[in-house]
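A.B. asks: Model the placement of chain B on the given structure of chain A, informed by the hints.
For reference, the chains in residue letters:
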Amino acid sequence: MTRLRTSRSLAPLAWLALLALLALAPAAAAQEQELDPRVFEIANELRCPTCVSESVGQSNAAIAREMRTLIQEQLETGANRAEVLVFFQERYGDWILLDPPKRGVNLALWLLPVAAALGGLTMLGVLLRRWRAAGAAHVEADPADVARVRAVLGATDVGGPAEEDDEPWRT
Amino acid sequence: MFDLSLGVLGSAGVALALAFSVYAAIAGAVGAQRRDARLQTSARLTSIGVFLAVTTAVVAMMAALLTDDFSVKYVAEHSRIDSPLWVKVVTLWAALEGSVLLWAWLLTGYTAILSVTTPNTALRPWAISVMHTVQVFFLGVVAFAANPFIVLAAPPLDGPGANPLLQNHWMMAVHPVLMYLGFVGLTVPFAFAMAALITKRPGTEWMRLTRRWTLAGWGFLTAAIISGGWWSYEVLGWGGFWAWDPVENVSIMPWLTATAFIHSVQVQERRRMLKAWNLLLIVLTFSLTLLGTFLIRSGVISSVHAFGDGPVGPYFLTFFLIVAFASLTLVALRWDQVRDRSELDAVVSREGAFLGVNVLFLSLAFAVLLGTIFPLLVEAVTGARVTVGAPFFDQVSLPLWMIVFALMGVGPLLPWRRAETQTLKRNLTWMLGAAALAAGIALALGMRKVYPTITIGLAGWNLASFALLLAGAIVPRARITGRSFASVFKSYAYENKRRFGSMIVHLGAVIVALGITGASGYRVDQQLRLEYGVPTAFQGYELVATEPFAERTGGRLSVGVLVDVFQNGRQVTTLSPRINTFGNQQMNVPTASVRYTIGHDLYLSLAGSVTPDAPSVIIRAVQSPMVTWIWIGGAVMALGTIYTLSPARERVRRRVTSESTAGVEA
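As they're listed, the protein sequences go chains A and B.
So for the first sequence, my numbering puts the first residue at 10; every next one is plus one.
So for the second sequence, my numbering puts the first residue at 898; every next one is plus one.
Here chain A stands alone, though its shape is the one from the complex (with noise of 0.2 Å):
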């Protein structure tokens, strides 16, 4: 507090600038108001037109204003979310939406990620069948034998996990 009483004097000079600052800018001041949550919800569906990946939500530039308060106005005539997004999408093309639509070339870009997901895993299913095939040849433990290790543990057995794998513990 007391180093912002300090610079009061340089105050006037800080006004001129930003003053200046926001002549530079008109566009930005006259979409001053306020703004709903909801506003903000359905801007961060919306690309930025001007801005480079920012939504409307994020950006400060001019036009995201004017989109924010574009959608506040069409939230008050009684528009709902998907409204909203559709005024834009008439506007501006499914570009516009950073939920791509899934239609069209897009389709792809949804299913290439299931489809690599599926494949992988199926991959994974054929490799482990092909794995354990090999690994099944292994000499079952005698249920004594195991009864026997267990009872000399004390019975104590909580389902712990294997033990560490480079530093064996000790006790």
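Derived by calculation from the structure, the hints in this document are not laboratory data.
Computed from a predicted model, the values in this text were never measured in an experiment.
Think of the CB as a built atom: it goes at the ideal place given N, C-alpha and C, for glycine as much as any other residue.
Any given hint could turn out to be false.
Partner residues are not named here, just some residues of chain A that face chain B (Cβ under 10 Å, in silico) [stated by the list, open to error]:
{"no.": "1", "residue": "E54"}
{"no.": "2", "residue": "R56"}
{"no.": "3", "residue": "G66"}
{"no.": "4", "residue": "L84"}
{"no.": "5", "residue": "V114"}
{"no.": "6", "residue": "A125"}
{"no.": "7", "residue": "L130"}
Reference listing, derived: stretches of chain B covered by chain A, where coverage requires no fewer than 3 residues with Cβ under 8 Å from a Cβ of chain A [unchecked claim]:
{"no.": "8", "region": "1241-1250"}
{"no.": "9", "region": "1262-1275"}
{"no.": "10", "region": "1289-1300"}
{"no.": "11", "region": "1369-1382"}
{"no.": "12", "region": "1422-1432"}
Simulated DEER-style distance windows between Cβ atoms [to be verified]:
{"no.": "13", "chain 1": "B", "residue 1": "R1345", "chain 2": "A", "residue 2": "P110", "range": "23 to 33 Å"}
{"no.": "14", "chain 1": "B", "residue 1": "L1295", "chain 2": "A", "residue 2": "R159", "range": "41 to 51 Å"}
{"no.": "15", "chain 1": "A", "residue 1": "A156", "chain 2": "B", "residue 2": "I1539", "range": "41 to 51 Å"}
{"no.": "16", "chain 1": "B", "residue 1": "G1100", "chain 2": "A", "residue 2": "L130", "range": "39 to 49 Å"}
{"no.": "17", "chain 1": "A", "residue 1": "L130", "chain 2": "B", "residue 2": "T1215", "range": "33 to 43 Å"}
{"no.": "18", "chain 1": "A", "residue 1": "V114", "chain 2": "B", "residue 2": "I1539", "range": "43 to 53 Å"}
{"no.": "19", "chain 1": "A", "residue 1": "L127", "chain 2": "B", "residue 2": "K1387", "range": "37 to 47 Å"}
C.D. replies: Chain B only, in chain A's frame:
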């Protein structure tokens, strides 16, 4: 008189380092091929020379920045006389040329340390040769494509200063350095993997030699990503921490593959499986750091965070293609050596869980890569413009993340080779109970969203898993030895650094997941008009704008408003959202003011102008539940990594005494 300017000194340092590095790459390889110890030693010692030469260049750049030597092009373009000292220091990596220089410098530092500390094995000369080859690329870029040391014939009197977004937060001093330490750290296992392929020794030697480097690189990358999130949160003014922006995406892709790698190598260490797979994973990780740098530095994909556009894109693309082609060719040539004769006892086992998590992380990385380059591909093929934004990435990645977190609870409890059905059932019963309890509490508290509820359930699941892990390790020993739980726990944690450290990291991941859940699932984002002196309600708070202010500090002009924050009639804090401008740059940066609490953050940012005579001000107010947990969880993950890496105590070889065998019947 010949004037040795800082620019000339820097250029000379880089040129010398480049020449040395070319020599060391060749000498290392030839020395290894001919088994010529002298050449090998010469290559190793040259690493130190390279490091010193690049250090000279970095010192020259730092001196130029600190003394405002505008005859150096980089300083003229990115620094400014009245910037504070710390800004001048971090300007070293605030733009493209400087950040490539930093990257190269860290790389030479790592290579020098490796050259000195790596034990003398057949892998060493090749690994050092590969490190030098990578280094030649980076030094070449610094020398030819993005030389920051170009001397200006007519130096300006002052420069524009660093990008305002970067000057606006001290995190800029930390986040990029961590990122490069991570990238460079992951170069080390790559170099040893190449050496393993060249020398036909694709066993576990290369990964054991580089285990610490890999973990450290992964830890740095993790810390870099989380700290980058915090930087976004504090600086970008919309109260978020992750936007699936291209720069964020290319940083998380190598993290995902590196995470798969550090899990997957354990299968090879333990079961001698997955040789080829692990080699491919580290090649992929290293290649993705190059591809990512290409994508965001070339301008083919633009991003809010891409602070250094420049001419290096084609070089990174070329190097990426060379690395990918050479490594894959090498793997193909060595296929006979890397082929596994794998065998698996059971799918439900530790190795089974690791294999599953591999598929998941790779799928995540693929989805992120596809989403990032999809607009580019479509535009190249059809000319159409498409947008792929956060909603896509959320929808695709969230289901996968849920499975990752489910496996994270199960995997560590599963023994190698084969899980015993009875134990597994009992463990899963406990964990399911905890998950149901946690999700039930969330539902009872009114949570209805699907993913947040599942995440809370999975947090319960994982906490139960930690409890079972610790109980399984400690209770039996305490019973047998008769020592107290606390003392057994202490020695367990101390003697099992790797395992206990991994538990800490996993716990950190759970905390981060909860933070992300709260902050992205339940944030409230609103724009309010605050009349001076009139309380305005927001999410249980009363906000009172008291007065506008203006201040000038170290080349920065701030104009903002003081807002008193009341809760239940009591003033809890005063926030001061502001707009900063730097020097004579046109860009004004709205800078948020945040009240941090463990439950939620109150985040205020100016959404309109502040004028002395206006009766009100427009504020963007964000309430973000649990966002602090992300930073805490990130710190826990970093601490866990440090714990894992901390030197293990010399293991005391205990003799079998009558005491320790008491109770064991013959």
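A.B. asks: Work down the list of hints and note, for each, if the structure agrees.
C.D. replies: We went through each hint and held it up to the structure:
no., hint, result
1, E54, "holds, 6 Å"
2, R56, "holds, 5 Å"
3, G66, "holds, 7 Å"
4, L84, "violated, 13 Å"
5, V114, "holds, 6 Å"
6, A125, "holds, 5 Å"
7, L130, "holds, 6 Å"
8, 1241-1250, "holds (count 6)"
9, 1262-1275, "holds (count 6)"
10, 1289-1300, "holds (count 4)"
11, 1369-1382, "holds (count 8)"
12, 1422-1432, "holds (count 5)"
13, R1345/B with P110/A: 23 to 33 Å, "holds, 26 Å"
14, L1295/B with R159/A: 41 to 51 Å, "holds, 43 Å"
15, A156/A with I1539/B: 41 to 51 Å, "holds, 43 Å"
16, G1100/B with L130/A: 39 to 49 Å, "violated, 28 Å"
17, L130/A with T1215/B: 33 to 43 Å, "holds, 35 Å"
18, V114/A with I1539/B: 43 to 53 Å, "holds, 46 Å"
19, L127/A with K1387/B: 37 to 47 Å, "holds, 46 Å"
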